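**Student:** Order-wise, the sequence lines are chains A and B. Convert by adding 13 to the 1-based position in the first sequence; the result is the number in this note's numbering. Convert by adding 2 to the 1-based position in the second sequence; the result is the number in this note's numbering.
Keep in mind that the hints were calculated from the coordinates and are not lab data. Heads up, a few of these hints could be off.
[Stated by the list, open to error] Label pairs and their in silico Cβ distance ranges:
no.	chain 1	residue 1	chain 2	residue 2	range
1	B	E31	A	G476	39 to 47 Å
2	A	E395	B	A68	35 to 43 Å
3	B	K67	A	G342	46 to 54 Å
4	A	S389	B	A108	30 to 38 Å
5	A	E380	B	R286	56 to 64 Å
6	A	Q77	B	A68	57 to 65 Å
7	B	S375	A	E454	31 to 39 Å
8	A	E380	B	A68	39 to 47 Å
9	B	R286	A	G459	29 to 37 Å
10	B	L371	A	S367	52 to 60 Å
11	A	E380	B	E314	27 to 35 Å
12	B	N162	A	Q263	36 to 44 Å
[Claimed, not checked] Quick look at which bits of chain B chain A covers, simulated, 3 or more residues with Cβ under 8 Å:
no.	region
13	46-58
14	109-116
15	155-168
16	233-240
17	341-348
Computed from a predicted structure; not experimentally measured. Glycine residues also receive a C-beta, built at the ideal position from the N, C-alpha and C atoms.
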Amino acid sequence: MTGITALAIHLPRLRLQRAAMAAAMGWLCPRGEARGARTLAYWDEDPITMGVAAARACLAQVPQARTAIRALTFATTTPVFAEPQQAALVHAALRLPEATRTQDVGGTMRCGLLALHGALESTDPALLIAADMPLNNPGGMAEMRYSDGGVSALVGGGPDLLTYRGGASLSAPFIERYRVPDRPLATDWEERWVREEGFLDLVPRAITEALAKAQLSAADIDHFVLPCVIPGAAKAVAQAAGLSRAKLAQPLDLECGDTGAAHALVMLARVMEDMHPGERVLVAQFGQGATALVLEATDAITTFPAAASAALAAGVTEGNYLKLPIFRGLMPWERGLRGRFPVNEALTTAYRNSEALLGFVGSRSPETGQVQFPPSRLAVAEAGLFAQTQQPCPFADLGGTVATATADRLAFSRSPPNCYGLIDIPGGARLMMDFTDPEAERLSPGDAVNFVFRIKDLDERTGYRRYFWKAVAAPAPSAAD
Amino acid sequence: MANGIKDKVAILAMGCSRFGERWDVGQEELMAEAYLEALSHAGITPEQIGAAWYSSHYDDIGAGKAGTPMAQALRLPNIGVTRVENFCAGGTEAFRGAVYAVASGAVDIALAVGVEKLKDTGFAGLPPASRGTFAPMYLPTHTNPGNFAQLARAYGTRHNISPGDLKRAMGHTSMKSHANAVSNKNAHLRKAITVEQAVNAPLVADPLGLFDCCPVSDGAACAIVTTPEIAQSLGKTLVLVKAIQLVASNGWEVQSSGWNGSYVHTARIAARRAYAEAGIAEPRAQLSFTELHDCFSITELVTLEDIGLADEGTAWKRMLDGAFDADGTLPCQVDGGLKCFGHPVGASGLRMLYECWLQLTGQAGERQLGNPSLALTHNLGGAPAQNVCSITIVGAA
């Protein structure tokens, strides 16, 4: 039976303080809950970039699995594009084999776990990515509770960390939350009904069926993972399902918030840090039905890195609530003339250079060993003319060193100042790159950097966005690096 | 075998519009202002001009593409007009075209005009330039202050200059140019400032503050060039072209890690070639004054070293000692430079030559230097890591 061979999360570094959210909106929508913080994706992060970051960290755990992957599923309730397929972009950024079945799934926050269920029932090595950034009405409780993050799980392709014992997915037209395509903000129904008629009815039934498939009883379960933003509901479900011995996984609400489609596996990543060989975890999630999966830790679980704890602890406190609506494009702001400069995406150019732009692949001259970006017909060389001989050279995992840096207050940025500079890359390459993340201004000549896949530009007129790689301080602040 | 441009072409006359926020005129009037002044000094009629070169950087917001905007604005007599664009070296590029035309013997008299109408864009600072379809997909959204701020940080790091010392040296650079421009009626900025004002100004791109940056200006400048023989026959004081060198980055600085970011590679090459072309062995002793491309204060400091007028790592000290002030040993930007005369991109190279021509013919008025004989102009178009650099040397016969 197959299982999970690697799992990694990515959390944006900004931690928007709920007290700051209450201070900004409490006059309008008084809320008692103002403890802790929720993650806030930086302006250049979205489900695609968070998913790529999580998947890079996941693949780093089993490097040899990359070429074996046959299926890639990208799960989110907040897709960047209705078209094109986001999995195709993620696939290119990860430089996975061309013969990979790619698909997007969504529609419910359970989509990530549903995809994992499918992968676990299959025999093909598969990479699952779930990343989400649920948006809710300003001032509401849901805005405080939901947050941004991503996760990636590798199924097959190596020795299991968790072996799949059995699972069940039930479907029901239970609509507790909805959003139509042209409206970015979701509407939620009354939470007592969601708890009583939704969680407490559907999840225990899925658990019962999953246990039956696994030929186990509730008493055999050591850990129980169930994301739910309604306080106390997960504990009530555990009791209703008879999971009296199981340790209830932390919802991570104070450090992180609920990352939607990613959150069941984000919670699982944290739980796996504490698991011992032979222990069993039941992972469930709710949404137009429920999924429950039973997994059993192998001896390899002791090698699982504590990267989730590190990511949870690597936050940067953010006390300005307005960054949420500004970063998410929910309110107009004065961009100045430089912010009106058009982003004209030439799709022909983008495809012709997609390996360089999405995969961050430069080239190496076999004659001189000189590495360069972007690739070109004629090598950058003081030594002479070398044409048509260059070999592809992937840069994403190489990292680099800051050669020059500036914090530019004149250039347009959604989070000024705009920080950038020349980066030296092992092999003698150099590239002027954007610096990103909330502490980009600290980068100075000589500092080591890692590379992260981020939004390069947004076209305000069409909604199109393009992606490229940026430099962040090393060691990277997220689990991705 | 080529033997260079030295002494083959003379500047017959020059003209320059008033630079600044010229809300009163468009690019056509600016060109006419410079051209009519040059024509009045030249003692020729338009029909004697055989060919023309026209420099303008921003075709989309300026006068438009091709040679027709200038041909129409100046009502030229149906001659060939070639539009050139080479970033901030465009004005010198137009001059180079005209000089080469005369030197080749193709024409007796040629015209070079550079113009930029920046204040119709609404931008503070230069507007973003188009960079094709591919480069914007990976290059940062950068500005020129940001590009040259990187030069400042690398220069300071390379030579172990404290941030405070570097700020003061940059502040002196700007203070000196402001002082020089006070008496220049054509200059954009004519107010004196103190070093303290420069040092304490708001940051634009760390470590460059507001007074480390030149303004963007409307303006035009014009040169009429001919053979030395024709110039002499018209009774002119000879101002001869001694050297013109133009060097474009080939990607080495920006794509490979061989360059340390603290100097401008192309400027060193252009200077070496220009001194060789002009036969100058001791530039510090032989040059009377310079007009450098002080788009930012740091550019002037670094260029002084790149072209051999200060030892590497010492220009900041010599600047603080006043060596490049108007009354220093080697005056730099006696007309105020880009910093205060202003910087209409396509015109700046010709504006520098205008000052050289004024000084070498004794027409510089209040800022006239004593007996200058040899002058150097320098343009740097683009960023320190990727640019077009030009150096021109002109002098008496």
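**Student:** Verify the CB-CB distance for N162 (chain B) and Q263 (chain A) against the hinted window 36 to 44 Å.
**Tutor:** violated, 51 Å
**Student:** Taking the beta carbons of L371 (chain B) and S367 (chain A), is their distance inside 52 to 60 Å?
**Tutor:** With Cβ atoms ~58 Å apart, the hint holds.
**Student:** For the range 30 to 38 Å, tell me whether the beta carbons of S389 (chain A) and A108 (chain B) fit it or not.
**Tutor:** Given about 36 Å between the Cβ atoms, the range holds.
**Student:** Between the beta carbons of E380 (chain A) and E314 (chain B), is the distance compatible with 27 to 35 Å?
**Tutor:** holds, 32 Å
**Student:** Between the region 233-240 of chain B and chain A, are there enough contacts, at least three residues with CB-CB distance under 8 Å, for the coverage claim to hold?
**Tutor:** Since 0 is below three, the answer is violated.
**Student:** Checking C-beta pairs, does the region 109-116 of chain B have three or more residues closer than 8 Å to chain A?
**Tutor:** Result for this restraint: violated, n = 0.
**Student:** Three residues or more, CB to CB closer than 8 Å: is that satisfied between the region 46-58 of chain B and chain A?
**Tutor:** violated (count 0)
**Student:** Falls inside 46 to 54 Å, the C-beta gap from K67 (chain B) to G342 (chain A)?
**Tutor:** violated, 36 Å
**Student:** Taking 35 to 43 Å as the stated bounds, is the beta-carbon spacing between E395 (chain A) and A68 (chain B) within them?
**Tutor:** Once the Cβ atoms are compared, 37 Å apart, the range 35 to 43 Å for A68 (chain B) and E395 (chain A) holds.
**Student:** Does the beta carbon distance between S375 (chain B) and E454 (chain A) stay inside 31 to 39 Å, or does it fall outside?
**Tutor:** For S375 (chain B) and E454 (chain A) the Cβ distance comes to about 49 Å; the hint is violated.
**Student:** Would you say the C-beta atoms of R286 (chain B) and G459 (chain A) sit inside 29 to 37 Å of each other?
**Tutor:** holds, 34 Å
**Student:** Count the residues of the region 341-348 of chain B whose Cβ falls closer than 8 Å to any Cβ of chain A, and tell me whether that reaches three.
**Tutor:** That given contact is violated, which follows from only 0 residues of the region 341-348 of chain B lying within Cβ reach (below 8 Å) of chain A.
When each numbered hint is compared with the structure, violations occur for hints 3, 5, 7, 12, 13, 14, 16 and 17.
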